[in-house]
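Engineer: Following the hints, complete the assembly by docking chain B onto the known chain A.
For reference, the chains in residue letters:
Protein chains: 2
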Amino acid sequence: MLSALDLARRIDAGALTPAAVIDLCAEAIAKCEAEIGAFTALDIDAARQHAMKSADALKATPLRGLPVGFKDLFDTTDFPAEYGTAIYAGHRPRADASLVAMTRRAGGILLGKTVTTELAHMQPARTRNPRNPAHTPGGSSSGSAAAVAAGMLPIAFGTQTGGSVIRPAAFCGVAAIKPSYKLLPTVGVKCFSWHLDTAGVFGASVADVAFVTGAVTARDLRIDGAAPEAPRIALVRTHVWPEATDAMKAAVETAARRAEQAGARVTELTLPPIFEEAWRAQGTVQDYEAYRALAFEHERHRDKLSPGLLALLDNAAGISADAYDAARRVSRRARRMLADLMADADVLLTASAPGAAPAGFATTGSPAFNKLWTLMGAPCVNVPGLNDSSGLPLGVQIVGRFGRDREALQAAAFLEQAVAPSP
Amino acid sequence: MLSALDLARRIDAGALTPAAVIDLCAEAIAKCEAEIGAFTALDIDAARQHAMKSADALKATPLRGLPVGFKDLFDTTDFPAEYGTAIYAGHRPRADASLVAMTRRAGGILLGKTVTTELAHMQPARTRNPRNPAHTPGGSSSGSAAAVAAGMLPIAFGTQTGGSVIRPAAFCGVAAIKPSYKLLPTVGVKCFSWHLDTAGVFGASVADVAFVTGAVTARDLRIDGAAPEAPRIALVRTHVWPEATDAMKAAVETAARRAEQAGARVTELTLPPIFEEAWRAQGTVQDYEAYRALAFEHERHRDKLSPGLLALLDNAAGISADAYDAARRVSRRARRMLADLMADADVLLTASAPGAAPAGFATTGSPAFNKLWTLMGAPCVNVPGLNDSSGLPLGVQIVGRFGRDREALQAAAFLEQAVAPSP
Numbered sequence: 521m522l523s524a525l526d527l528a529r530r531i532d533a534g535a536l537t538p539a540a541v542i543d544l545c546a547e548a549i550a551k552c553e554a555e556i557g558a559f560t561a562l563d564i565d566a567a568r569q570h571a572m573k574s575a576d577a578l579k580a581t582p583l584r585g586l587p588v589g590f591k592d593l594f595d596t597t598d599f600p601a602e603y604g605t606a607i608y609a610g611h612r613p614r615a616d617a618s619l620v621a622m623t624r625r626a627g628g629i630l631l632g633k634t635v636t637t638e639l640a641h642m643q644p645a646r647t648r649n650p651r652n653p654a655h656t657p658g659g660s661s662s663g664s665a666a667a668v669a670a671g672m673l674p675i676a677f678g679t680q681t682g683g684s685v686i687r688p689a690a691f692c693g694v695a696a697i698k699p700s701y702k703l704l705p706t707v708g709v710k711c712f713s714w715h716l717d718t719a720g721v722f723g724a725s726v727a728d729v730a731f732v733t734g735a736v737t738a739r740d741l742r743i744d745g746a747a748p749e750a751p752r753i754a755l756v757r758t759h760v761w762p763e764a765t766d767a768m769k770a771a772v773e774t775a776a777r778r779a780e781q782a783g784a785r786v787t788e789l790t791l792p793p794i795f796e797e798a799w800r801a802q803g804t805v806q807d808y809e810a811y812r813a814l815a816f817e818h819e820r821h822r823d824k825l826s827p828g829l830l831a832l833l834d835n836a837a838g839i840s841a842d843a844y845d846a847a848r849r850v851s852r853r854a855r856r857m858l859a860d861l862m863a864d865a866d867v868l869l870t871a872s873a874p875g876a877a878p879a880g881f882a883t884t885g886s887p888a889f890n891k892l893w894t895l896m897g898a899p900c901v902n903v904p905g906l907n908d909s910s911g912l913p914l915g916v917q918i919v920g921r922f923g924r925d926r927e928a929l930q931a932a933a934f935l936e937q938a939v940a941p942s943p
Numbered sequence: 521m522l523s524a525l526d527l528a529r530r531i532d533a534g535a536l537t538p539a540a541v542i543d544l545c546a547e548a549i550a551k552c553e554a555e556i557g558a559f560t561a562l563d564i565d566a567a568r569q570h571a572m573k574s575a576d577a578l579k580a581t582p583l584r585g586l587p588v589g590f591k592d593l594f595d596t597t598d599f600p601a602e603y604g605t606a607i608y609a610g611h612r613p614r615a616d617a618s619l620v621a622m623t624r625r626a627g628g629i630l631l632g633k634t635v636t637t638e639l640a641h642m643q644p645a646r647t648r649n650p651r652n653p654a655h656t657p658g659g660s661s662s663g664s665a666a667a668v669a670a671g672m673l674p675i676a677f678g679t680q681t682g683g684s685v686i687r688p689a690a691f692c693g694v695a696a697i698k699p700s701y702k703l704l705p706t707v708g709v710k711c712f713s714w715h716l717d718t719a720g721v722f723g724a725s726v727a728d729v730a731f732v733t734g735a736v737t738a739r740d741l742r743i744d745g746a747a748p749e750a751p752r753i754a755l756v757r758t759h760v761w762p763e764a765t766d767a768m769k770a771a772v773e774t775a776a777r778r779a780e781q782a783g784a785r786v787t788e789l790t791l792p793p794i795f796e797e798a799w800r801a802q803g804t805v806q807d808y809e810a811y812r813a814l815a816f817e818h819e820r821h822r823d824k825l826s827p828g829l830l831a832l833l834d835n836a837a838g839i840s841a842d843a844y845d846a847a848r849r850v851s852r853r854a855r856r857m858l859a860d861l862m863a864d865a866d867v868l869l870t871a872s873a874p875g876a877a878p879a880g881f882a883t884t885g886s887p888a889f890n891k892l893w894t895l896m897g898a899p900c901v902n903v904p905g906l907n908d909s910s911g912l913p914l915g916v917q918i919v920g921r922f923g924r925d926r927e928a929l930q931a932a933a934f935l936e937q938a939v940a941p942s943p
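Residue numbers (this note's numbering), protein chains in the order written: chain A, 521 to 943; chain B, 521 to 943.
Rather than coming from a laboratory, the hints here were simulated on the basis of the structure.
Note: identical chains are not told apart, hence a pair may lie in one copy or across any two.
Here are the computed lysine to aspartate or glutamate pairs in the EDC-like style, where the Cα-Cα straight-line distance is at most 20 Å:
1) Lys769 with Asp908
2) Lys702 with Asp842
3) Lys573 with Glu819
4) Lys579 with Glu819
5) Lys573 with Asp532
6) Lys824 with Asp834
7) Lys579 with Asp532
8) Lys573 with Asp563
9) Lys702 with Asp740
Isolated chain A, as found in the complex (with noise of 0.2 Å):
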């Protein structure tokens, strides 16, 4: 994989140019874009020529000259946004989405659009999983986990409803951070819940996700000045952990064991059943908003929508006001009592998903061990590193508090060195 980390840090030697860069993935891209399928668009003789024509403006940004993905969901002007469906093939839009503009700003550069499923939906699109191509890379954000799992990009941009970043992430073995609801902006995304949805940032490591997210954002998030402090981690298994597989409860123990092993406070957190309440919750929230944010599409393009999509959309319009109403009411009711019950730990930890990526293409997997930390608004950080018997990576997940963006990383970050096989 291609660090962010390290070849910003080689190009503040002159070890590297921004145009060099784009060229690392260049090669990655014609080596393995063919069978991976994490692209819609691209455009490497654009990104080197801006490369070469700014490289000294470029060096001096926070991102310098890096090259970066957007899931096809974000809004572009010099790329098609087709949002993973027919009913916006060849659309053009007139503006960035915010982030892409800001991400313009902090002097990245823009490669490429990818792959996302239908409306960042759970309809499974064309993406192969790097780390074994028969299996799903996970959704929604297939084509932004799998870019950087291939080392086609160092950094990708994806977006989560129930667990589109957080998911695909585990299944293909990078890092990445769902942060708080809100830290990076969805203007300009195309809208399936907006109470829920929320931008996200794929990379090589823990690390560099948080260089990325700080350099966009103009927030000290960056930690990779000095070795991360021992975080107080709570364990939490939550009410779906039967539906873990062996492989990924014993990659969560091990996770917990190694991170007391390094000097972290590892203690367990069981939580009251209004979590649970919380959990179906998300449900009625995405469902009630998605029957209103996507109402053009439902009524107007009923033909293009996939079976599943529009089944949910169907039953979606009888969701009631009063049932939405409560959701919310459970969310906020829920948040307040996370806060209360996270006095004691800077951080929690569970599984990123219920396992490692299912075999085939007919699912993007499950977002059971999502759904309720995206409606809690908190930051995720997917922990790469364990894998199952077969080599797939299982990925573990580090939930901070709303606002703590940093301490989640830095946690995470922590963990991410202690679950690394020794050298």
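Structural biologist: Chain B in isolation, oriented as in the chain A frame:
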């Protein structure tokens, strides 16, 4: 003015067809539009054809085929969406905004788009105030307020980030609701500030906007059935009270007295200092987010921005993440405190604007009496009916508790009745 409720009742009674309502609007438009300039685009023929072709189906819908206008900040497939700026000249969105699609779903017919100031900010546009064409109609939802005031539309939609729904409604003497934050989705509405932008509804009376808001959201908000119960009202002046004109101060006092005479319990409430802090925090949140929401326009189209908006964005680049986070924390604290302070009152009563519509077109007026309530996410209703000595409207404002839009509408309808001149 055209009352949406009255028109709906006459359609129900068979006394009027949806097409005949379009004709009523067309007549008023022929008479007033050249002077008022409320519309950016109109398609009366298409609306009439739709109304005639689908008359029976429309009569059975919540909105009965009534014609509506949308501020030109909403994306529409059958009209351009230019957001009040040359940057988007001729722009045809690929999808309808959620609220546009929801309004069509509820049986509304889109008659045209209404004038917005540049990107919903302060630069005055060409619309004149129907109550006195030598005065501003207010902004940024200038065209929507003026179109309803001039009887050219029974229903129009706008948005508020500072005071852009309540202020123009007050200046033009129409009813309007800026509902609780996100009650009406802003998906497909050009964003200025994602934590503040709120869609709202203009109509002839409070009962009209209640009817329309209920119809498009499928919520139980209609209040025209029975006489509204006498509310518990807290008169609140806020720290900007000295900015109010003597006429406005008198209008608020008159409203309080008449409400009391009609049976309401009226108390006075002095807000603690944190609300002054929150008032200032609104500007920090708005500008910090605008610098990111409008990053594309700021980076690529500086030359097409007005000097005022360009200066705002240039200055906003200097707002730190810490200052923004602090402003958001103040907002959250003030929101919780407001809920406590209102434990004993159904609604607050205050001014909708510092006074009547200013003469001339150098400014759209001040949002000083709106910013705090937008930040609070609270439902706000402009109650028309009072005037200054020259006959210009003096709007007073009912502010409800977050999520209690029905109670806010009921109290506003009560007040509207109380201040109306006896027949």
